[in-house]
Amino acid sequence: MKKFLSFAIIALITMASFAQNGPRKGDRNRDMNPDQVAEMQTKRMTQNLNLTEAQQKQVYELNKEMAEKRQERRSDRMASRQKGEKPSQEEIDKMKKEQQEFQAEHQEKLKKILTKEQYDTWQKNMANRRDNARDRMKDNWSKKKGSGKKQMQNPDNN
Numbered sequence: 001m002k003k004f005l006s007f008a009i010i011a012l013i014t015m016a017s018f019a020q021n022g023p024r025k026g027d028r029n030r031d032m033n034p035d036q037v038a039e040m041q042t043k044r045m046t047q048n049l050n051l052t053e054a055q056q057k058q059v060y061e062l063n064k065e066m067a068e069k070r071q072e073r074r075s076d077r078m079a080s081r082q083k084g085e086k087p088s089q090e091e092i093d094k095m096k097k098e099q100q101e102f103q104a105e106h107q108e109k110l111k112k113i114l115t116k117e118q119y120d121t122w123q124k125n126m127a128n129r130r131d132n133a134r135d136r137m138k139d140n141w142s143k144k145k146g147s148g149k150k151q152m153q154n155p156d157n158n
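Here the numbering used here is used: the first residue of the sequence shown is 1, the next is one more, and so on.
Don't take every hint at face value.
Below, simulated DSSO-like cross-link-like pairs (lysine-lysine); rule was C-alpha separation at most 27 Å, straight line [unchecked claim]: (1) Lys86 <-> Lys144; (2) Lys109 <-> Lys97; (3) Lys69 <-> Lys97; (4) Lys109 <-> Lys96; (5) Lys144 <-> Lys124; (6) Lys64 <-> Lys112; (7) Lys124 <-> Lys57; (8) Lys144 <-> Lys109; (9) Lys109 <-> Lys57; (10) Lys116 <-> Lys138.
So the derived label-pair ranges between C-beta atoms look like this [as the list claims (entries may be wrong)]: (11) Ile9 <-> Pro87: 29 to 37 Å; (12) Ile9 <-> Tyr119: 53 to 61 Å; (13) Gly84 <-> Glu108: 32 to 40 Å; (14) Gln47 <-> Glu68: 19 to 27 Å; (15) Gly84 <-> Lys109: 33 to 41 Å; (16) Gln89 <-> Lys111: 26 to 34 Å.
Honestly, the hints are just simulated from the structure, not real lab data. Note that CB positions come from ideal geometry on N, CA and C, so glycine has one too.
Between the sequences and the hints, there should be enough to build the whole structure, so can you do that?
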């Protein structure tokens, strides 16, 4: 009986520790409002680009405006998803085009605020972040693809 009780306690403790998972990495920004997102982005840019006080204010306003637009677009997509609506290929293409226009608009406005050197540095940083994100996605995809499937064994190698 003591062994069973010990085992039960250990099992409960183990299950409780697994149940305490925090937010996933990708979810940490989803709970932030546009002000918080703009503040975080502006701080990062200030550190990486040595922004002046005037630039910080302008960049904050731009980041806030862009965060508000992103939040609005995300809310629209979530509402459609909750209704069970799936976008057509035409709608997907339209969303991709809007995203490209959104990014181009952001870059043009940012280019007017930053010096040429700062803008070049920002572009390099963004390219690195995109590459890192792409690599993480590939890693996650390959982990998911390999999990849950048994590897086929070659009978000749046994």
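Hints and how they fare:
| no. | hint | in the structure |
| --- | --- | --- |
| 1 | Lys86 <-> Lys144 | holds (24 Å) |
| 2 | Lys109 <-> Lys97 | holds (18 Å) |
| 3 | Lys69 <-> Lys97 | holds (15 Å) |
| 4 | Lys109 <-> Lys96 | holds (20 Å) |
| 5 | Lys144 <-> Lys124 | violated (30 Å) |
| 6 | Lys64 <-> Lys112 | holds (16 Å) |
| 7 | Lys124 <-> Lys57 | holds (22 Å) |
| 8 | Lys144 <-> Lys109 | violated (39 Å) |
| 9 | Lys109 <-> Lys57 | holds (13 Å) |
| 10 | Lys116 <-> Lys138 | violated (33 Å) |
| 11 | Ile9 <-> Pro87: 29 to 37 Å | violated (50 Å) |
| 12 | Ile9 <-> Tyr119: 53 to 61 Å | holds (60 Å) |
| 13 | Gly84 <-> Glu108: 32 to 40 Å | holds (37 Å) |
| 14 | Gln47 <-> Glu68: 19 to 27 Å | holds (23 Å) |
| 15 | Gly84 <-> Lys109: 33 to 41 Å | holds (37 Å) |
| 16 | Gln89 <-> Lys111: 26 to 34 Å | holds (33 Å) |
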